[in-house]
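**Q** Protein sequence lines, in the order shown, are assigned to chains A and B. Here the first sequence is numbered in the working numbering, starting from 10 and rising by one per residue. Here the second sequence is numbered in the working numbering, starting from 469 and rising by one per residue.
Be aware that one or more of the hints could be misleading.
As the list claims (entries may be wrong) - Between beta-carbon pairs, the in silico distance windows are: (1) B:Thr-942 x A:Glu-167: 30 to 36 Å; (2) B:Ala-1076 x A:Ile-64: 19 to 25 Å; (3) A:Ile-64 x B:Asp-581: 39 to 45 Å; (4) A:Ala-229 x B:Pro-779: 17 to 23 Å; (5) A:Leu-171 x B:Glu-892: 37 to 43 Å; (6) A:Thr-153 x B:Ala-1076: 53 to 59 Å.
Since the hints were made in silico from the structure, they are not lab data. Idealized CB from N, CA, C, for every residue including glycine.
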Amino acid sequence: MEQLADNRSPPAWEGRATGGGTAASSPCWSCRGPVGDADYAFCSTCGAVQPPLPITHFQRLGLASGFQIPRDQLDAAYFDQARRLHPDRFATRTPRERQFSQAQAVSLNEAYETLKDPLRCALYLLTLAGRSSIAQERTIRDPTLLMEAMEAREALEEATDLAAVEALAARQRADRDSCLASLQQLFDAGDLDGAEAVTLRLTYLAKLGEDIRLRRMRLAMSA
Amino acid sequence: MLLQIHEPGQTPDPHEQDRGIAVGIDLGTTNSVVALAREGKPEVLRDARGEAIVPSLAAYLPGEEDPIVGVMARRVFLDEPEAVVSSVKRLMGRGVEDLKALGGALPYTLAADQPGGMVRLAVGGRVLTPVEVSADILRAMKARAEIATGRRVDRAVITVPAYFDDAARTATRDAARLAGLEVLRLVNEPTAAALAYGLDQGAEGLYAVYDLGGGTFDVSILRLQKGVFQVLATGGDAALGGDDFDHAIADHFLAGRSDIGSAAAQQALATARLAKECLTTQDAGSWWIDVGAERIACALDRPTLEQLIRPLVQRTLEIAQSVIADARLELDEIKGVVLVGGSTRVPLVRRSVEALFGRPPLSDIDPDLVVAMGAALQAEALTVGSDTLLLDVLPLSLGIETMGGLVEKVVERNTPIPVARAQEFTTFQDGQTAMAIHVVQGERETVDGNRSLARFVLSGIPPMVAGAARIAVTFAVDADGLLTVSAREATTGVAAETVVKPSYGLDPDQMAAMLRDSLEHAREDMQRRLLIESRVEAQRVLNALMAALAADRALLSAAEAAVLEAAAAQVTVALGGSDRDRITLAVEDLERASATFAQRRMDAAFNAALSGRRLDAVAETLGAAAPSGIRDPAASPAAPA
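Chain A extracted, bound-state conformation (with noise of 0.2 Å):
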């Protein structure tokens, strides 16, 4: 059987809120009054800092759900919410502003680095639609695609030129290109299914992706 991934345990997807609730049932810590919910991160009456709240990692870039938000628009939203968030900005407050501006950053950086990542991307709106299998799917089941990955894995072994390296790369681009293409159309048309296939391609193509990488910098080095 194929090993899909080399990471063994599910991924952490949520970040995870320290305390807190929902806005209208937990009191800011500082100032003990309603939090408001015109933010996720602070209280809308004292300004503190707020532990991070369960949401989405969507929500906590202030950005509308979907497949491969476009780069700059994610960094943008990264970079506002660092800004406001990062310990940096609370150097010199009191130590549980700082525990919380810290809890805020894990969770805002565990939001990028999802989005960021094709692949973690889908899979994380899979596990949101509440299909969360795929993400402990360590074997390939689907024949067609055990096979294409057999055969990709043997012409890795038996490229033993840069040339032949980089011609499976140019392949595993295309293949990787077509593949987020359908998945937006996937996911913008609600085909959870047809979604799921093409992302377990996807993870099958990452895997090989890597190996193409070590394989290129093993001839390299050798050269």
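Keeping the supplied structure of chain A fixed, place chain B upon it in accordance with the hints.
**A** Chain B only, in chain A's frame:
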């Protein structure tokens, strides 16, 4: 009374003037530099003779209580080389076996008794850890800054090589604490350099920082965009620097001789350094070394020098290429390369970097001073505020030992920090109540190939059948790149206790003993720290109440508001003085006095939320905690507990 209201987050500390100033310190292998930034302009702090650089040397003369640091220690070195510690940074967070791996004739004398953990040095009749020696150098930097500015210096941003592991970072932080400095942040040296460059030049785009110091090599790839300094990838070698050039040259000078003691080895290294520096501008030269009564003549020209150091320079280029690959970039996407560290003065280094990147490197800011200047800018940003933002990454993967000496990675290198990751473990025996976890740092697949950071024992696991307990261990790396570990049994919620045994650090008892012995932590100093902390907390409580009053004053009668304001005024008065107990008591009184107000604000918000929603929405919001009696949204509900 007149109440002052500030923008949240912009409260000026009324006692900022009482506080010491915050400086940036580049604690280098060979040289150290301290700088101060005012209004975004960093300035290196110099001694009376105008010297910016403090050699990172500490001399411990027998019978003398205080060490001699810097240029004066260099003079001691001429007569008593065995009393001088040099390049102590290479030993931070290192054990005896690491030292042996450095190879060659060591310029250190090791203590006879090595209790394990961090290496102990025997020098000037005493036994010292690298942390204590570094603390002595930091004390000298602090003293220099205090003389230069006429102000007390109690906080600092200290730079570390980006490739420093957790043990070396922790050792650096401990050294600062021993020296009486509060560490505002440990900043990676290439990042600090980029900050100094970026602000100076208004640069945007992708930049590489090539930092070859005395003992460490780092390369970082950063994206600079509108005041954000985002590190994309970093790499390096924590044991590769100009010192290694010196070792290669010294070995050449002493070719084949095995009768070299540590004093002669020190001298050979000093001569090698001199030769290397001379050949930056000259083509050839000759020197001599005394070995006992014998004098060895040494000659060197630039082609020979370059032949000696070429393998080392080649290694830095390979690392630079792999870091660019880690950032998923191609060489031609890099818009500029910045040279940092004294060793980048070596002509072969410059030529090689220029050839690799295909463009002349930037070195307009003195490569010996640029890191301290960046650190000073960050110290100002952290204490006074700034629009710039440093987003750094974890330099080396964190993992845990699994069956068969293999490593399972928990956090991959180049992950943005701060980061937290949870990993689940289970028991393999019925009734097992404890387990041992070994945390390592590095990229290899086996434990042996990585740095051992710490061993944890999780205890207090509720007894269950094998495999039933689910212990979630959370690895958190803060913005300083420092790791903390916590654990919790997931099914019962019982927090497992972690007993940390750092592999190469000082254990908490040793650290406490050193702090007790340290003059900087006299009672007075401790008191001042506590006073500052209570002031910060009091100001927070005051701000929170003022904001709440501004929003919801209508919920109070005039008399009630007057009581609150009087209590607030007491805090303000207490803040004007320096009596910590008085501040604490006034804050407690204010918190008590405002409890009812807080309750009313919550009730009002609750009612507002309730009247704005339909019944089923309300029930959903309240969830399991919903009082079953609620039927009519118009009826005034009991306040939730």
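**Q** Give a verdict on every hint.
**A** Hints, verified against the model:
no.: 1; hint: B:Thr-942 x A:Glu-167: 30 to 36 Å; verdict: violated (44 Å)
no.: 2; hint: B:Ala-1076 x A:Ile-64: 19 to 25 Å; verdict: holds (22 Å)
no.: 3; hint: A:Ile-64 x B:Asp-581: 39 to 45 Å; verdict: violated (55 Å)
no.: 4; hint: A:Ala-229 x B:Pro-779: 17 to 23 Å; verdict: holds (18 Å)
no.: 5; hint: A:Leu-171 x B:Glu-892: 37 to 43 Å; verdict: holds (41 Å)
no.: 6; hint: A:Thr-153 x B:Ala-1076: 53 to 59 Å; verdict: holds (57 Å)
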